[in-house]
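> What follows is each chain in one-letter form.
There are 2 protein chains.
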Amino acid sequence: MHLIFVVYDGMTALDAIGPYEMLSRLPGATVTFAGVTAGPVRTDTGALRLVADRALADCDAPDLVLVPGGPDVRAQTSDTALHAWLRAVDPATTWTTSVCTGSVILAAAGLLRGRTAASHWLALDLLPRYGAIPSPERVVRDGKYVTGAGVSAGIDLALTLAATIAGPDVAQSIQLATEYDPRPPFTAGSPRTAPPALVSRLRANPGLVMST
Amino acid sequence: MHLIFVVYDGMTALDAIGPYEMLSRLPGATVTFAGVTAGPVRTDTGALRLVADRALADCDAPDLVLVPGGPDVRAQTSDTALHAWLRAVDPATTWTTSVCTGSVILAAAGLLRGRTAASHWLALDLLPRYGAIPSPERVVRDGKYVTGAGVSAGIDLALTLAATIAGPDVAQSIQLATEYDPRPPFTAGSPRTAPPALVSRLRANPGLVMST
Numbered sequence: 001m002h003l004i005f006v007v008y009d010g011m012t013a014l015d016a017i018g019p020y021e022m023l024s025r026l027p028g029a030t031v032t033f034a035g036v037t038a039g040p041v042r043t044d045t046g047a048l049r050l051v052a053d054r055a056l057a058d059c060d061a062p063d064l065v066l067v068p069g070g071p072d073v074r075a076q077t078s079d080t081a082l083h084a085w086l087r088a089v090d091p092a093t094t095w096t097t098s099v100c101t102g103s104v105i106l107a108a109a110g111l112l113r114g115r116t117a118a119s120h121w122l123a124l125d126l127l128p129r130y131g132a133i134p135s136p137e138r139v140v141r142d143g144k145y146v147t148g149a150g151v152s153a154g155i156d157l158a159l160t161l162a163a164t165i166a167g168p169d170v171a172q173s174i175q176l177a178t179e180y181d182p183r184p185p186f187t188a189g190s191p192r193t194a195p196p197a198l199v200s201r202l203r204a205n206p207g208l209v210m211s212t
Numbered sequence: 001m002h003l004i005f006v007v008y009d010g011m012t013a014l015d016a017i018g019p020y021e022m023l024s025r026l027p028g029a030t031v032t033f034a035g036v037t038a039g040p041v042r043t044d045t046g047a048l049r050l051v052a053d054r055a056l057a058d059c060d061a062p063d064l065v066l067v068p069g070g071p072d073v074r075a076q077t078s079d080t081a082l083h084a085w086l087r088a089v090d091p092a093t094t095w096t097t098s099v100c101t102g103s104v105i106l107a108a109a110g111l112l113r114g115r116t117a118a119s120h121w122l123a124l125d126l127l128p129r130y131g132a133i134p135s136p137e138r139v140v141r142d143g144k145y146v147t148g149a150g151v152s153a154g155i156d157l158a159l160t161l162a163a164t165i166a167g168p169d170v171a172q173s174i175q176l177a178t179e180y181d182p183r184p185p186f187t188a189g190s191p192r193t194a195p196p197a198l199v200s201r202l203r204a205n206p207g208l209v210m211s212t
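Protein sequences, first through last, are from chains A and B.
With full-length UniProt numbering as the guide, the letters of the first sequence map in order to residues 1 to 212.
With full-length UniProt numbering as the guide, the letters of the second sequence map in order to residues 1 to 212.
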């Protein structure tokens, strides 16, 4: 099974690395990090470079594609080379997936028309611009399209997918191997549970998280 | 505040990227990924390269050091260049931290003698070899030494540290921005909660996770 993790300048690292850490442990998985061009990309903070080992155009037909998000939604909705590649490979994938605003990329590429999708909670209202139906759920499956909420949701998305692809025993073994027994010190991870003042502050200044 | 995330060939990516995604959002944080030599390292699966932007020897005195783990514990306990650097900078750090078997590296470098530390559940029994006291907790603080359990525990470790460093409002804002509202589809993330047969299987074949 060939999995392609898309990388690009300005992406959020954990969007891709969370699910990579889970899905790369699937029996028979072959994982490739790929970008519009091969070589390093710099993530959104400016502090980290990940390497695209291959150019997307040079990748074999993937069974699974995962598209991470990032704060610069304007760039993501106008990246025609990535969109064109996604449109080209999507008909033959078994799974087309995204984390965070990666769903906005899939939607802007025209792949989520009429489909329900998750995204970062601050980006959900962008999805209808491209004909997608936003959902506040953490992991959303609509046919072969599996989309996750913001940043850290990719881990839950990947374990859900691992169970569907390889069964619950494999998914649980991956969870045990990566000791995914989360204990957040606060219950502030969703606009439904965080202190309202913090939610309002991020809504008023989404530039801290993303620039639309 | 200068944070150094150590990278090396064979490391587990999420060990570093989870806490990086949280701690890089601290106000005033300057983050550097650094290795014994500058340049790309290949992570444990062979499928991903991260770039060390600088050599450790060229980094200014860090306020915080984070050491990730990886499956090849034998290499980690004999990496004298990394150990020497850790011993050199540790006296001036505010926080010396690790995720997963990163604590075995700290311990092998001689920094955890008489201290309580977390590690991957399969590696806890390695800590006493170096005078450290193993703890099954997910995040352990002993003075300025903060150590996390396996792989995904770095996210909880980082939010705990963020609250200590910058206060609970900042930590909760980071949690909300990264939508860290975990919903694992199974409760298999710890040897205490996973199906016993899966725990036994990983114990019998730890090579799936690490080679000691």
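Be aware that one or more of the hints could be misleading.
[As the list claims (entries may be wrong)] With the C-beta cut set under 8 Å, the calculated list includes, among others, these residues of chain A facing chain B:
#1 Thr37
#2 Asp79
#3 His83
#4 Pro91
#5 Thr93
#6 Leu159
#7 Asp169
#8 Tyr180
#9 Arg183
#10 Phe186
#11 Ser200
These aren't lab readings, by the way, just hints derived from the structure by calculation.
All residues carry an ideal CB built from backbone N, CA and C; glycine is no exception.
> Work down the list of hints and note, for each, if the structure agrees.
Outcome of the hint check:
1. Thr37: 15 Å, violated
2. Asp79: 22 Å, violated
3. His83: Cβ of A:His83 sits 24 Å from chain B, so the hint is violated.
4. Pro91: 25 Å, violated
5. Thr93: 18 Å, violated
6. Leu159: 5 Å, holds
7. Asp169: 7 Å, holds
8. Tyr180: Hint on A:Tyr180: holds, closest Cβ of chain B at ~4 Å, below 8 Å.
9. Arg183: OK, holds: A:Arg183 within 8 Å of chain B, min 5 Å.
10. Phe186: Interface hint status for A:Phe186: holds (5 Å vs cutoff 8 Å).
11. Ser200: It is violated, given that the least Cβ distance between A:Ser200 and chain B is near 11 Å, above 8 Å.
The structure fails to meet hints 1, 2, 3, 4, 5, 11 from the earlier list, while all remaining hints are met.
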